[in-house]
Amino acid sequence: MNLFADSAAWQALYDTDDKYHRVASEAFKELSEQKITFYITDYVFDEAVTLILGRAGHTQAALCGDWLSHSPRVRFIRVNIEQWDEAWKLFKQYSDKHFSFTDCTSFVVMRHLKLRDAFTFDHHFEQMGFRLWPR
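In terms of our numbering, the sequence shown opens at residue 893 and continues consecutively.
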């Protein structure tokens, strides 16, 4: 299974006070028992580590960052200039939404990789036609 993994999932997993922590932990355990590849971008990595740092502290942020950067289950995508330009156009197009620029880069990368499912709790992915996992 190929699954895009958003910062909201990593935050929920590494921050025990997050309202989705229990769900994220159970979902991650289930995913760990499967053959899974998590796709993340450099923007998601930055956002996840930064959010976890602010909410759960440096130790948890470093644990997450180390796992994401060293796990054989993670495919790390660096947003290129064409994807960046497309994400910026998308960001400007949706003035009625509260998509972050990181969200827009994720949407673009998911489209390019033909990924339909995202491990996240961020409803913005559903607004763009992607499926949230866990459902």
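I should point out that these hints are in silico values taken from the structure, not numbers from a laboratory. Treat the hints with caution; some may be incorrect.
[Claimed, not checked] Once the Cα atoms are required to be at most 27 Å apart in a straight line, the calculated DSS-like pairs of lysine-lysine come out as:
#, residue 1, residue 2
1, Lys1006, Lys989
2, Lys911, Lys989
3, Lys1006, Lys984
4, Lys989, Lys927
5, Lys1006, Lys981
6, Lys989, Lys921
7, Lys911, Lys921
Hint by hint, here is what the structure shows:
1. Lys1006 / Lys989: 23 Å, holds
2. Lys911 / Lys989: Since the Cα atoms of Lys911 and Lys989 sit roughly 23 Å apart, the hinted pair holds (cutoff 27 Å).
3. Lys1006 / Lys984: 23 Å, holds
4. Lys989 / Lys927: 34 Å, violated
5. Lys1006 / Lys981: 19 Å, holds
6. Lys989 / Lys921: Status violated; Cα separation ~32 Å.
7. Lys911 / Lys921: The hint holds at about 17 Å.
Violated hints for the displayed structure, listed by number in ascending order: 4, 6.
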